[in-house]
Each structure stands twice: as structure tokens, then as C-alpha cells.
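Put chains W, P and H on the given structure of chain U with help from the hints.
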Amino acid sequence: MAAKKNGPVIALGAVLAAGLAAPLVTGSPLGFYLEVLIGGLMAGVLYSLVALGFVLIFKASGVFNFAQGAMVLFAALALARLAEWLPAWIGIPAGFPALTLAFVLAAGIMVGLAWVIERIVLRPLVAQDPVALLMATLGVTFFLDGFGQTIWGSDIYKIDLGISKDPTMILESMFQGGILVSKEDLIAAVIAAGLVILLALFFQKTATGRALRAVADDHQAAQSIGIPLNRIWVIVWAVAGFVALVAGMVWGAKLGVQFSLAQLALKALPVVILGGFTSIPGAIIGGLIIGVGEKMAEVFLGPPLVKMWDLAGGGIENWFAYVLALLFLMVRPEGLFGEKHIDRV
Amino acid sequence: MKLRISIAAAAVAAVTGALAPAGAAFAQAKEQFFPVLSYRTGAYAPNGVPFANGYVDYLKLINARDGGINGVKATWEECETGYATDRGVECYERLKGKGPTGATVVHTLSTGITFALTDKSFTDKIPIITAGYGRADSVDGQVFKWNFPLGGTYWGAADMLVQHIGKKEGGLDKLKGKKIALVYHDSPYGKEPIALLQERAKMHGYDLSLLPVTHPGVEQKATWLQIRQNRPDYVFLWGWGVMNSTAIKEAVAVGYPRDKMYGVWWAGAEPDVRPAGDGAKGYNALTFMAPAGIGKVHQDVIKFVHDKGQGTGPKNEVGEVLYNRGLVAAMMSVEGVKRAQTKYGKKPLKGEEVQWGLENLALDQKALAAIGFAGFADPISTSCVDHEGGSSARIHTWDGSKWVVGPDRYTADQQIIKPMIKASAAKYAQEKKIAVRDCAKELASSK
Amino acid sequence: MFYRENGQFKSSYREDQQILGIRQDRWFIFGLIAFAFLVVPFVASDYMFRAILIPFLIVSLAAIGLNLLVGYCGQISLGHAAFMAIGAYAAYNLVVRFPQLNFLLVLVLAGLIAAGVGILFGLPSLQIKGLYLGVATLAAQFFIDWVFARVKWFTNYSPSGSVSTAPIELFGYKFDSPVERYVLVLAVVIVFALMAKNLVRGHIGRSWMAMRDMDVAAEVIGIRPMYAKLSAFAVSAFYAGVAGALWGFVHLGSWEPAAFSINFSLNLLFMIIIGGMGSILGSFIGAAFIVLLPITLNQVLPPLGALVGMNFGTAMASHLEFMIFGALIIFFLIVEPLGIARLWAIGKEKLRLWPFPH
Amino acid sequence: MRQRKIGEVILDVRNISLSFGGVKALQGISFDVREHEVRAIIGPNGAGKSSMLNCINGVYHPQEGEIVFRGEVRRDMDTHHAAESGIGRTFQNLALFKGMSVLDNIMTGRNLRMKTGILAQALHLGPARAEELREREFVEHVIDFLEIQAYRKTPVGRLPYGLQKRVDLGRALAAQPQVLLLDEPMAGMNLEEKQDMCRFVLDINDEFGTTIVLIEHDMGVVMDISDRVVVLDYGKKIGDGTPDEVRNDPEVIKAYLGVSH
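For the protein sequence lines, the chains are U, W, P and H, in the order given.
Once you know that position 333 of the first sequence is 333 in my numbering, the rest is easy, because the numbers rise by one and skip nothing.
Once you know that position 279 of the second sequence is 279 in my numbering, the rest is easy, because the numbers rise by one and skip nothing.
Once you know that position 213 of the third sequence is 213 in my numbering, the rest is easy, because the numbers rise by one and skip nothing.
Once you know that position 39 of the fourth sequence is 39 in my numbering, the rest is easy, because the numbers rise by one and skip nothing.
The shape of chain U in the complex, shown without the other chains (with noise of 0.2 Å):
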């Protein structure tokens, strides 16, 4: 029975790892393969930072905010265009101390953002039904977009972190040529880690945490112990906006900070749906499978698509994460930490 189950899902993993190490059996070195494996994970840790948005607020409330992408971009503008006025205004140096108050700042403006999404869109529409706050948060989004580049401009701006951009080559004795990483991205991943272990302490060790994974298991029995839902909303959604910022952070200063930046969130949609859409984990590492996996794709499995039908470019890096996502489905309905649902009749 379980065998019979888990059948689909081990062949479709064996398809994946096969399709992970053939690279390797058809000759590509070892360092430029690491190469690029590094790059999909960087990759991987910006989904995942924006697909933690959507999960933490799916989990708690129900709701899918389509918005998260947006709040990712206000948040990164928020963040970058302070830290460029801090100092005119108040006269504190520019460079890591305006960046300090800036971050504060901007991680204020996430709350109050919370706050009034919470009074305005959601709380006339709670126990509607979930299409119906789906649209709202994509309304949500066309609001923020359009508020967000009328406050903060709609050209490209920076967010220095005052790392080298630089690469550097490290193993060079192992591998010929070297592996090469960029610290910016190490110092992502690092950001991203911190971020996730403060979110766990948060979940476990604070009594609003506590509260928040009570609502998320059963809002009723929430309710009746004595946690008002609205506050709770706010919050998560806060918690979100805080996310959000973190995201647009490390996004912003790879990237620089443009308006593009929110379209990136459609791709957290397949992230969630392969780690599950009340995993955190599922969150984490879903995303890094996504950016390895399209990565891959299109470095290894591209090239050779193109020479094949003679296609004009490949580009399938556009595509291979929801058709990922869509096979996994197939073969399991629930996502990869997601809870079994048994319909009842």
C-alpha cells in the first residue's frame, strides 16, 4: 500500500536526481557544475524568502496574498530611497547608518502597512470566500504599485550593503579554474538564514508565536482561548511586511530596486506549491529545489533542447518551475510537507 503510494513520487525523484547528475556523466566539469548548482541555490533563497511571506500568512489566516510580491517591492523602495534622503534630512552619514535607520524605518512602514490592510480589505471580508480575498490582495497589489512608485519614484535605485561585488575563486586547487562565488551572495544566504531562525525562535519561544501557531491549527479553539483574530491578522501580516523588507533587501542589492522586482513573485506560487502551503521548511526548501532545478535546466538542458528543434534561443528557465511543480503535483497532491486533506461526504 504505501509502496504502491509512494511509488509515482520515489520515480519522479529518480528522475530529478538522475536529471541532476547526468551533467556530470556527460562531461561537464565538476567546478563549473558546482558553479552553477551555487547559483540555483542563491537563486532558490530568494524564492524561498518570498514564498515565506505567502506561507506565513496563508498559514495563519487562509488567505493567498497575491500581494506579496508587491509588499516586497514598496518594502525595497521604502528601504532603498530613505536610506538615499536619511541624510539630507537629518544629517546622519550616509552609507551604513542611514541603511540602519532606513531599515527600521521601512520595517515601521511594513507594520503600519499591516495595519491598515487589515482595517480596510480584510476585515470587511473575513469569512468570505477565498477567491474573493485572493482578488483582494490582488487589488492590494495594484494599490501598492501604484502607491509605491508614486512615493518612492519608478527609476532604478540602489541598496549598498557595502559588499564587493567582485567574485572570488575559491578551491582553485580542487577543481581547474576554481569555483567562483560572489559574497553578495554568501552574505544572502546568511541574511536569509538569520531571517529563518529568528522567525523559528519568534514561533517558539514568544508568546505571540505561541498564539499565531494556535490560530494556524484551528481558529475556533484560537478564539476560544482568548486570542482576538484581528490582532493576530496584524500581526502575521506584519510578520510578513518584516519578511517582505528582508527579501526586497537582499533583492535589491543584488538587483537594484525597480518595479520588476515584484514580478518575481509569481514565481513563489510553484515554490508553495511544491513545499506545501502551510510548510515553512516546505517554504525553504522548495524554493532552493526551484532555483536549482531551473538553473540546471537552463544551463544543461536548454542548450541541447535549442540544437535539437532548432528553437530560436532557449529560455526554459520560464516554464521549468511550474511544470516542476505541476509533475510533483501529480504525484503528490499535498506538496512536500503539506497536510493530507480527505474529502468527507
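Mixed in with the good hints, there may be bad ones.
Unchecked claim - Each pair of labels, with its calculated beta carbon distance range:
no., chain 1, residue 1, chain 2, residue 2, range
1, W, G309, P, G305, 51 to 61 Å
2, U, M330, P, Q18, 40 to 50 Å
3, H, E137, P, L38, 36 to 46 Å
Unchecked claim - Result set (DSS-like, lysine-lysine): computed pairs, CA atoms no more than 27 Å apart in a straight line:
no., chain 1, residue 1, chain 2, residue 2
4, W, K73, W, K308
5, P, K152, W, K202
6, W, K281, U, K183
7, U, K59, P, K197
8, P, K350, H, K98
9, U, K307, W, K178
10, U, K307, W, K202
11, W, K202, W, K433
12, W, K433, P, K152
13, W, K418, P, K10
14, P, K152, W, K422
15, P, K10, H, K98
16, W, K281, U, K158
17, W, K179, U, K307
18, P, K197, H, K194
19, U, K307, W, K174
I should point out that these hints are in silico values taken from the structure, not numbers from a laboratory.
Idealized CB from N, CA, C, for every residue including glycine.
What follows is chains W, P and H alone, placed relative to chain U:
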């Protein structure tokens, strides 16, 4: 409730406005109307804004300094396309009937919109200027009566880049076995140069790899990993908006030398390099018509427009690459009208009349100097057969704080491009069932 | 007072099953159609036709298609524009390769090809539901976009990847001017809207709605989920395909895959949610809302700003447009989560009693 | 008094076992149902009654055992096959199609018999129209029978609970099943509504000759209207026989009254 009523009222107003015969009230006004399709929001705003500012500033200058185009006041209205084709079409439809004579000439500022409007131009009879973009085959004025890719096309641009690296290598024959990667925006814009690069690859034996980047272009990790693996000798960058700066950043991250990177002229402006910081040092791009810098026309803009508090954008952007290109684009519109006025008189002209002006442009160095564009625009001389009017460009290099223009001027090799244009235009004419003009005959009958 | 059904008796089941059971409704709709055919062509401007009416009608058709799937059958699709792309490219290839084909036939064939692809991407719906299914349709969106951007055959080896269509000709008559095109689109859309209405009031429509409302119960009374879901995907994709072909041939004239991007898909979804899920009329209302609102805001905001002494540039107007659009979506959801069509129905019910409160 | 005699065994459930994960919902249940009889399944909450019905019409697939329906032996049923071969069903928690009117809900019961294709439907061609009218006529008959004429066009969500139950019954009835599985048809009803429902159940049995398998908690009702009773407890069968036999079965008494669980 109140909100809803006012929305309804607004909608009614808009509809009736659209229904009313456009411009009846202005029939007597001595005005020439220029629609301005721009994008000041969205993923491409960083590049769209300075261009639009330059364009509008020049029209303001014409009115403030010269009192209009030979006494005909320039009017304009901006419409936000967001770089989206359907919005662009809507904007065009909205603006084309405005002013006493309708839209004079339209700059689409997007290859996608160009494709869509080209179809409509045959019935609307409004010329489309695509200075340095648009469809390459529209050089053929016999098929594309209304399109004017003035000053250059992407086929020309790609050709010049190949010439440049050929020269660097010590001869085009030295390109044999070299590897060139094209990193391009995955849209008609980015795909246009492929045909020419493949044609040239056949001639010189270099190896071309194609690396598309999806809109908006912030995800290029895999692209640059491939570049790191293949180590092409040169990378051509055909990007727009945030894609360009991202490409440079990713190049830094994989350690690809920036001085081996060559951008098209839309990937060689300040917003493309500034976000990359020091990493952009050594990056090259084509520059056609208008390099960065201040010339006579800029001084005029500052004096007549900005100093009067009428500047469209911030003053310090005057003289930047894309701003200058906006100025040049507006200059082309105005010069087209001026030329047409010599035939039809100094009054508001119809698009159809301006088409003649654009087709008979003869802007030599002297004429350009007279309007303040010395050093900021190249001579243009168009005809019924050739709607491009000359195609030349230089390479400029970012030194970390400004663009440094290289010494060599390249001209597209028409021997290669002409037949491609002919073939492509003929295919279009056949698909669309368009009657091809006979330029020799038209010329004879007009004399 | 005026909207009352007193004295309108049904003496047969057939009469009772009419689409518009109430006489006033019938007059209203017939009047509207007559107005659209007989009056609009003579009074509207080119701008109205090309920038508003034609896109509105085509998008309505696509929204009807999506509504059949999402609103009637309860299967979410986040990638419906991809099926429009299939229709558009299918039509393009049919016309290029078989130039003598009648345009109406091309439309139907394009729809059928889209329906085939729709069935293919509907297969996951047999196993997964809700947002999970949304991912399957997103996969369709991105994969199909990619195919048309990459496989050169589909664009007839066009160097720029953009395709251009030939002028539309039907029975030797050329549809060149905006008015002619409008009438053509109007006729197609009305016919297809009527067919959609017929479908949803018949047993197939009932099997879709049964799947939507309670899939287990539907199975128990003998509705095959596979047939119901896949037929919904097929019909829905068929509509999208026809709409896509019209969008390409009649509205754009030339296009690239970006014309059918994910944003288009999301917009279609907005339309049916704002207009009303499970309502053909709602599809039209939603399409009107989404097509007209941004354009109207874009045109109305600057003069309104000028009235209060503010001068917004196009950038500001465009940001405001985003904000108001987002705010209105939220507003409508709060006022009536079931869409404008529902508000309309409530209004009609009130009108029936008017001027008496009970 | 009854017009139709109880006949041969029409449905035979043999040794059915069903488990979810580690939870054993049913363990080796066997019983039979004869044609035209009213068969009740009773038992405390969680006894596995609904699971039993779900196995019979294929919503759940038992791991062991077989189901014989009209001589056809099946390892497990699939829902569609069950419906097609004449097993109808109502639900414990209302499973009506909330977005549809009463008429449409009951019309779905006729879906099995409606065969016209998509194109005929879309174009509203003659055959499609004729079919629709024909089935409508039958459905009107059901509506008359259940006395819900006034609510034909009302969305079912707006009806009071008791009437919704009736619509649920009507939908199942419209399919003209040979065996009708009723899952707590009277739960949550007041006395009057219960009496109505009893009358309908008996009338259906009588007028249409439909065999009825019902789950019910109200012992009074069960004892009044059923011919034979199966008693389940914790997934096991603990009693089977006529109401009188069951009532006096010590096992059953223990399960119901004795040691509290």
C-alpha cells in the same frame, strides 16, 4: 454612492468626448499636433522618462524660441503606454484625431507598438518615425510608405557591431572561429538583429549563440552562467530598461570582462550603467545620432525652457544619452514638418503631407549645425526608396562616470542589408496584400 | 411599476425555459442588440471602434470562455490568455498555409485547436483542485508563451518573432474599416454568447455547475467528472481560442507572444470576478469594467486634477490609475463579493416591487 | 397493505473492510438487501454507517470484500457505475448544488439519461430541446410528488433546511434508482417534517418500488418504517434482523445503552 456617481459621470464625459468630432473647435487654430507615446511607469520607466522629457522639451523650445514651426505652434499630448502594445494602440487611436489636422507623426517607442501601428498606417495615413528601432525592413519605402526608421535599424546596428569587433581583431576574416553571444530582450526588439548576425556568421565563420532574456529581464543568472561556461569572445547586449543594468551586474558576478561587452544603442545610457556602479567601467555600447553631452541646442533648452521653470524633467538630465535621443527624435518630427511646409505652405499640415516632408529630408551637417545639433545628430537624407536616410554610429565606453565616445565611425554595410530588406519587405507586402509603390514613376509624375 | 411580470403566464415548459423569461428583459436585450447593430455603427468614432468597442467585445468573448470554466465549472485557470494565443497562432498558421480558407471557418478551426490543447492542460484537473490547479494552468501559460516564442515554424520563420495577418476577407468582401470590423466582431460575439447561454441552461451546463458546487455529490448522481471537467476545459478554451484569433486578426493585426501574457490572463480573471462568476452577462460587465476603467481614468484624471489645481503628468495619472483600480476592486469585493451581475440582479428584484417596498 | 412483495436479494455486501491510514472504519461487514425492502443501518456516531454507504456507491474503496449488485460481483464500486446501474443516494450533510435552483438541482438527477452532444446543446437544436422538455416533464412529476412546486426557481441555498432535504431526495429520485441510499434523511428535522419525510420514503418505496437503504438515528422512525435492520458499532456488525429482533438483541442493547464509550 457618491463615488460611483462621479465615476459614471466621468465615464459619460469620456465617451461623449470621444464621440464628438475631434477638433472641430480648433479648426482655425494654427497648431501642429504631436502625439507623445511615452512610458513613465513600470519596468521600463527608467529609460522611458528621460526620452520623453527630451522630446517634450524640444517641442517647448520650438515654441518658446522660434514661436513655433514657422509660426505654427506645436501642441502635444502625452499618453502612457507602459511599453504595452495594446495600451500603445489605444493611445494612438485616442490621439490620432486631435489637433486641427490630426496627429502629425508618431514615435512609437516600442517595437511591438510599431508592428501594430504599421498595419494601421496604411489607412490612417499618419507617418511613424522609429529612430533607431522598429522594423528593419521598413527602410523600404516602396512597401512601408508610412514608416521612417530614421538614422538606423537594428540590422544596421548589428552590422556595425560586427564591423567594430572585426576591426579590433584586425580584420573581419579574423572573426573565424570566434564566439559571439547575443543576450537579447525576448521580444521583437531583441530578436530583430538575429537575422543579420546569422547572415554575417555565415560570411565570417564566427559562432553565434542566442541567449534570450524574458521580460522584464531581472532573471539572468542562468544566462550568465552559460556565458561563463562558453566564454564567448564577445557579448552583444540587446536589452532595454532594467535588463541592461542587471546584465552588467551579472557579468560582474561571473567575472565576464565588461570591455568585451557591446550594447546596442538602447543599452548604452546612464540608467543602464549607473545602478551597476563601478562594475560598469569599461562597458561599451553603440551610440547613434546623439551621444551624451551639451551642445548649442542644450544651451537653448536650458535658457528657454528650464530657466523659465518650464522644464519637463530635472535640469541635470539635460545632456544625458536618452534625453538627447528624445531631443533628436523631436527634431526629426519638426524637421519633417518644416520640409513639408516648403511644399504645402506654412500652415498646420496633415500626416499625409508630413509624410512627403519626411521622405524628402535633406539634413546635412550645415543644416544640423543651424538648428543647434552639430555633433549631436548625423546627416539624414531620405527618399521614396530609402526611409532610413543613412545609418552610422560610433562606439562609446563608460569610464565610471561618463560616456567616452570612440574615434571610429561605422556605417552599415548596405550590400548585406539591402537584399535582406528587399526580401523581408516583399514578404510583408505579399502577406498583407499591399500594392508596392513605384518610386521612379512617382518621382517622374511629381516633376 | 414598469418592471413587473404580472400577467405574463407560462403555459408550457418550453416557454418557461426561455433565456429571457420576462418580457421587459427580452425587450431590453433586443433593444440593446438592435442599438449595437443599427445605431452604433453610424454614430461612434474610429477611436470608439478601434480602442474601445472592438477590444471590449473580443475580451468579453474570452471572459465568457473563462467564466464557463471558472464560474460555471469551478476549475480555476490562471493561464487563459495562453489558450487565446493558441487560437491566434492557429488562425495565423491556417491562413498562411491555406489562404483560401473562409475566415469564419478559420475562427472555428482555431477554436477547435485551442480546445484540444485546453483538454490536454485540463487533464491535471482530474486530480487536483483550486489554487493547485492554478499552477497547472500557469504552467500552460508559460509553456505556451515559450513555444510560440521559440519554435520558428509557428511564426512562419518571421525574423522578429512577430507575425502579421492578412486583411480579413469573407465571401469576397473585405473587412477593412473599423465599422465593418466592429460589426463582424459583434455578430460573432453575439452568436457565441447565445451559444454559451444555451450550453449553461442545458444538461452539460448543469453538470458543470454540479461539479463546481459539490463534486462528490455530482459523481454520486452519475456525472462523470472527467467528462464534465474536460468538456468545460474544451469549450472554455474554444471560446478563448476564437477570441484570441479575433484579437490577433481584428484588433492587433500583428503581434508577438507577449500580447497574450500572464497579465492578460489575470485581467480576464478580474473581469469575471468583478462582473460575476457564473454569469454570461457578468462576463460582459466585467470586460467593460476592466477595459474601460483604466482608459477612462487615464483620460479623466488629468482634467479632474486641473479642476482642483493639480497638474499631474502622465506618470502621476498612471500611478493614480493603478491605485484607483486596485481600490475599486477591493471596494466592489466588499460591497458585493459575487460581482456586479449580482448587484444588477438585486437591483432588478427591487425594481420588480417598486414603488412598493414589499 | 404494500403493493410490492419483498423479492430476491438485489444487493449483497460481503466481508467489507475499509481503513484510512491506521484507522479501521469497517471490519468485515456483510449484509444483504432484498428487492423492494426498506433496510436500515443504525449505530452510534462513528460506527461506520456513512462509510458503509460510501462503499456501496463507490465514494470509498474498501480494501477487502466485494459488493454484488443485481448479480454483478464487484471488488469495489466506482461512483459512476453505481449511479448508472441504479444506485441513488442522499447525503447526511446536505450536498446540494448551492448555486443552482431547485429545478436545476433535480434536473441533474436526469443527467445520466441526457445524451445530446455539446454542439446540439449550444445551438439548441431540435433533439436537445426535445430531450430537455421530456426530462423536464419527469422532473415536474418528482416536484409534484415532493410538494415543492412553489420553490422551483428558488436557489436551493435560500430554502429552509427541511425543504433542502426534500430537494436532495428529489434529486436522487429523479434518477429513478433501483436502490436508494438515504443518509440520515430526517436528521435535524422537527416532528412534522419527520412525518412528511417518512411518508415520502414509504411512498417512494411503494409507488416506485424503490429499494431503500437508510441510516437513521431516530429509533422510533427506524422501527416503524424498516423491514430489516443492520446494527454497526465501531466498524463491526453487531446485529442484523427485523426491528423486533434487533431491539431485543443483547449486544445491541449493550452498545446503545450499556457501557458508555
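Hint check results:
1. In this structure, G309 of chain W and G305 of chain P break the distance hint of 51 to 61 Å, their C-beta atoms being roughly 19 Å apart.
2. Under the hint 40 to 50 Å, the C-beta atoms of M330 of chain U and Q18 of chain P, about 44 Å apart, fit the expected range.
3. As the Cβ distance of E137 of chain H to L38 of chain P is approximately 40 Å, the hint placing it in 36 to 46 Å holds.
4. Restraint check: the Cα-Cα separation between K73 of chain W and K308 of chain W comes to about 18 Å, which is no more than 27 Å; the hinted pair holds.
5. Of the pairs offered as hints, the one joining K152 of chain P and K202 of chain W holds, with about 19 Å between alpha carbons and a cut-off of 27 Å not exceeded.
6. Distance hint between K281 of chain W and K183 of chain U is fulfilled; the C-alpha atoms sit about 20 Å from each other, no more than 27 Å.
7. As the CA atoms of K59 of chain U and K197 of chain P are separated by approximately 39 Å, the hinted pair breaks the 27 Å bound.
8. In summary, the hint linking K350 of chain P to K98 of chain H is supported, as the alpha carbons are separated by about 23 Å, within the 27 Å threshold.
9. Note on K307 of chain U and K178 of chain W: the hinted pairing holds, with a Cα-Cα distance of about 19 Å set against a maximum of 27 Å.
10. The suggested pairing of K307 of chain U with K202 of chain W holds, with an alpha-carbon distance near 17 Å, which does not exceed 27 Å.
11. Proximity of K202 of chain W to K433 of chain W is assessed by CA-CA distance (about 32 Å); at most 27 Å being required, the pair is judged violated.
12. About 23 Å separates the Cα atoms of K433 of chain W and K152 of chain P, which keeps this hinted pair within 27 Å; it holds.
13. Taken as a hint, the K418 of chain W and K10 of chain P pair is broken in the structure, with Cα atoms around 74 Å apart against an allowance of 27 Å.
14. Between K152 of chain P and K422 of chain W, the direct Cα distance comes to roughly 21 Å. Compliance with the 27 Å bound is thereby established for this hinted pair.
15. For the proposed pair K10 of chain P and K98 of chain H, the alpha carbon gap of about 26 Å is at most 27 Å, so the pair holds.
16. Our distance criterion of 27 Å between C-alpha atoms is met by K281 of chain W and K158 of chain U, whose separation comes to about 17 Å.
17. Of the pairs offered as hints, the one joining K179 of chain W and K307 of chain U holds, with about 16 Å between alpha carbons and a cut-off of 27 Å not exceeded.
18. Distance hint between K197 of chain P and K194 of chain H is unfulfilled; the C-alpha atoms sit about 39 Å from each other, more than 27 Å.
19. Pair hint K307 of chain U plus K174 of chain W holds up; C-alpha atoms about 26 Å apart against a cutoff of 27 Å.
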